[in-house]
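In order, the protein sequences belong to chains A and B. Position in the first sequence counted from 1, then plus 4, gives you the numbering used here. Position in the second sequence counted from 1, then plus 289, gives you the numbering used here.
Hints in this document: simulated from the structure, not taken from any laboratory. Quick reminder that beta carbons are idealized off the backbone N, C-alpha and C, glycines included. A hint or two may mislead.
Stated by the list, open to error - Distance condition first, Cα-Cα at most 20 Å in a straight line; then the derived SDA-like pairs of lysine to any residue:
| hint | chain 1 | residue 1 | chain 2 | residue 2 |
| --- | --- | --- | --- | --- |
| 1 | B | K292 | A | K75 |
| 2 | B | K344 | B | D373 |
| 3 | A | K75 | A | E87 |
| 4 | B | K348 | A | L59 |
| 5 | B | K292 | A | F109 |
| 6 | B | K344 | A | F109 |
What the hints assert, rightly or not - Below, a sample of chain B positions facing chain A; criterion: calculated Cβ distance under 8 Å:
| hint | residue |
| --- | --- |
| 7 | Q291 |
| 8 | K292 |
| 9 | P329 |
| 10 | I391 |
| 11 | P392 |
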Amino acid sequence: DTGVSQDPRHKITKRGQNVTFRCDPISEHNRLYWYRQTLGQGPEFLTYFQNEAQLEKSRLLSDRFSAERPKGSFSTLEIQRTEQGDSAMYLCASSRIGQGGAEAFFGQGTRLTVV
Amino acid sequence: SQKIEQNSEALNIQEGKTATLTCNYTNYSPAYLQWYRQDPGRGPVFLLLIRENEKEKRKERLKVTFDTTLKQSLFHITASQPADSATYLCAPLGEGSGGSYIPTFGRGTSLIVHP
Chain A
5 DTGVSQDPRH KITKRGQNVT FRCDPISEHN RLYWYRQTLG QGPEFLTYFQ NEAQLEKSRL
65 LSDRFSAERP KGSFSTLEIQ RTEQGDSAMY LCASSRIGQG GAEAFFGQGT RLTVV
Chain B
290 SQKIEQNSEA LNIQEGKTAT LTCNYTNYSP AYLQWYRQDP GRGPVFLLLI RENEKEKRKE
350 RLKVTFDTTL KQSLFHITAS QPADSATYLC APLGEGSGGS YIPTFGRGTS LIVHP
């Protein structure tokens, strides 16, 4: 257990539905990252927060994807109007800032299946 | 655009031998490079960090090298064990917008250690 928790662990949804995932980072970590991982590929960066500010969101896959981190604590990733191509593992990670190259601690991920 | 290449084919070795995994990157100059281990269905776990001014880093049976001229990192596991079987991911960290240093991953190399 890395201390980063994600909920739910698994989600099956019908195409066209909206889904929301939650990530609780390690409490003293300022940074929070979201990644998507498909089979046989490495984690693909989506967005990140430094405290409550979302500093990079150009890599979000489409305007159907959005993320929030209210008050710099937990974060949510929402996918609207899901498509079958959204089926993947969604990973959250957190780290400290102020330390160059600080290691990222990952959660167990949320596996999304769109049917 | 930035590109990270890791051997896509699985590496099969016998127990006790040294495993060597390769990470090549192009079109940027990372200040740090991280290696992670990922087991099936789980999030990546940090193993080692090496800085651009370091040639080599060791931790127990692990050794990482970083050649900024060749734009390559090598990851070695000595005296390999079946428990080392996993996917290994490299993540160069460059100074993105605002000094972000976001871990950006290769696709990973699967290592299989046979008893």
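Practice problem: Verify the proposed pairing of K348 (chain B) with L59 (chain A), using a straight-line Cα cut of 20 Å. | Solution: violated, 33 Å
Quiz item: Hey, K75 (chain A) versus E87 (chain A), does the alpha-carbon distance stay inside 20 Å?
Solution: violated, 30 Å
Quiz item: Given the proposed pairing of K292 (chain B) with F109 (chain A), does the C-alpha separation stay at or below 20 Å?
Solution: violated, 23 Å
Quiz item: With a cut-off of 8 Å, does the beta carbon of P329 (chain B) approach a beta carbon of chain A closely enough for the hint to hold?
Solution: violated, 10 Å
Quiz item: When you check the alpha-carbon spacing of K344 (chain B) and F109 (chain A), does it fall within 20 Å?
Solution: violated, 25 Å
Quiz prompt | Distance restraint between K292 (chain B) and K75 (chain A), which requires alpha-carbon spacing of 20 Å or less | solution = violated, 34 Å
Quiz item: When you check the alpha-carbon spacing of K344 (chain B) and D373 (chain B), does it fall within 20 Å?
Solution: violated, 24 Å
Quiz item: Regarding the hint that I391 (chain B) lies at the interface with chain A, is the smallest CB-CB distance below 8 Å?
Solution: Cβ of I391 (chain B) sits 6 Å from chain A, so the hint holds.
Quiz item: Given P392 (chain B) as an interface hint, is the shortest Cβ-Cβ distance to chain A below 8 Å?
Solution: With a closest approach of 5 Å, the P392 (chain B) hint holds.
Quiz prompt | Cut-off 8 Å, beta-carbon criterion: hint that Q291 (chain B) touches chain A | solution = violated, 11 Å
Quiz item: Any CB of chain A closer than 8 Å to the CB of K292 (chain B)?
Solution: violated, 12 Å
In the structure shown, a violation is registered for the earlier hints numbered 1, 2, 3, 4, 5, 6, 7, 8, 9, in ascending order.
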